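Participant: What follows is the residue order along each chain.
There are 2 protein chains.
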Amino acid sequence: MNKTDRPLILVTNDDGIFAPGIQTLAEEMKAFGEVLVVAPDKPQSAMGHAITIHNFLRLRKVEFMDGVRAFSCTGTPVDCVKLAVYHIIKGRPALLVSGINHGSNLSINVLYSGTMSAAVEGALEGIPSIGFSLMEYGLEASFEHTRPVVRSVTANVLGQGLGKGCCLNVNIPAAKQGPLKGIRACRQALGSWEDAVETRKDPAGHEYHWLKGEFTAKDPGEDTDVWATAHGYASMVPIQFDMTAHHEVGVINSWNNAL
Amino acid sequence: MNKTDRPLILVTNDDGIFAPGIQTLAEEMKAFGEVLVVAPDKPQSAMGHAITIHNFLRLRKVEFMDGVRAFSCTGTPVDCVKLAVYHIIKGRPALLVSGINHGSNLSINVLYSGTMSAAVEGALEGIPSIGFSLMEYGLEASFEHTRPVVRSVTANVLGQGLGKGCCLNVNIPAAKQGPLKGIRACRQALGSWEDAVETRKDPAGHEYHWLKGEFTAKDPGEDTDVWATAHGYASMVPIQFDMTAHHEVGVINSWNNAL
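Chains as they are written, first to last, in this note's numbering: chain A, 744 to 1002; chain B, 744 to 1002.
With the rest of the complex left out, here is chain A (with noise of 0.2 Å):
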């Protein structure tokens, strides 16, 4: 195949441009075509859908890997999918992937997810997307066992397309869970942050606050991706972004809603 005739892949995350699983996306995606990296310079975690409206952006050019051209930038996730969709490739590319993000992101997490956030904003825009997630939260972590996750998942959107306006939000155990028994399409499951917030003093005496909390599965259906992570499964939900609860409108609109 002539390179320019490889569909163009682009690449994204939340970690920041020079996290390993990354690294581990790209390798994986130069085998199904030309790769363009547009990454956050810093990690941007749990930045949910946020964009920049309030300052600029940069754009620089890094040495990636061997054949891939890679921009780091300045925002958010989101904003990465926007100048590379707007400024860089001028068009849409045949794939979004994004991740692999360095901890889970099941259940609710979709929401405060910036690598899902890249996916449901490469969904808005028509590309079909993918965010991949390894439950584990270490930099050191291994990510070699998800390689056959990410190309299968990977060669099934690309061969069989993903349903208008939807992405995938795939999550994978991590290694120490042991070998994997497959892929299951889950939906997303019920759960809640169990926060909490911890207190302290500087050194002047005054009070800052830092937000913790442990995420708290609720919902025991076998048909979710906490289940399948928990039973040594890869988890591939299909997210849109049609928020609205459909069976609530009649509801309120027999309220008495005269002004």
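FYI, nobody ran anything at the bench for these hints, they're computed from the structure.
Treat the hints with care, since some could be wrong.
Just so you know, same-sequence chains aren't split out, so a pair can sit in one copy or run between any two.
Below, simulated DSSO-like cross-link-like pairs (lysine-lysine); rule was C-alpha separation at most 27 Å, straight line [unchecked claim]:
#  : residue 1 : residue 2
1  : K961      : K924
2  : K907      : K773
3  : K804      : K924
4  : K907      : K919
5  : K833      : K944
6  : K924      : K833
7  : K955      : K919
8  : K804      : K955
9  : K961      : K833
10 : K907      : K961
11 : K955      : K907
12 : K773      : K924
Every value quoted in this text rests on a predicted model; they were computed, and no experiment measured them.
With chain A fixed as given, assemble chain B onto it according to the hints.
Facilitator: Same frame as chain A, now just chain B:
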């Protein structure tokens, strides 16, 4: 009613604690209960569901309004909700209201909106929550005509409750559009941002980039928030946080997902 028997109402926003919209909202809430304001110390528009995990947060008690306890916070709207619930109140308020945002949060803007992310965070915490937005961006915009809408929706939510896991996204047309005809329950319209990047050069000759864009409605349905607000109604969309595209789960389960 004894002051301490009144329901506790948490008020936040994303335009910052000194924006006019939050003043109007807090004033109206005083008729419904005991008001606590916890809002960002600076504008946090377009922050989506971002939370602060790589830095600490500060809270500062501020003079806000007679009879209202108020704190400014160095973090995002979602940070404000977490600090209010887990540090200040150490419990759940009876109601959370966010806004009144200076600018529209129709359609897919619910994803980018800090105002609505605060309301979604409330829903995740099991708190009945409402985000209010005025479809006019200027800080000099008049909020007088929004008061009956705020009162009506608040009375309905406190009186009738909201479905489990749901919050409301309320958008109110600008005063210059003429008198409001009423409030309509709607679904989130399909739409997209036609984005663009404006590239400039700094005095040293280096490029920098501004995101800019124009929202384009793509959904002629007469049951949407875009339609209602264009036809003289305030719109009210019930929002939930399960982003699963349930109709796609079966489709992707039919792929070859062996490893």
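Participant: Does the structure break any of the earlier hints, and which numbers would those be?
Facilitator: Of the numbered hints given earlier, those the structure breaks are 3, 4, 6, listed in rising order.
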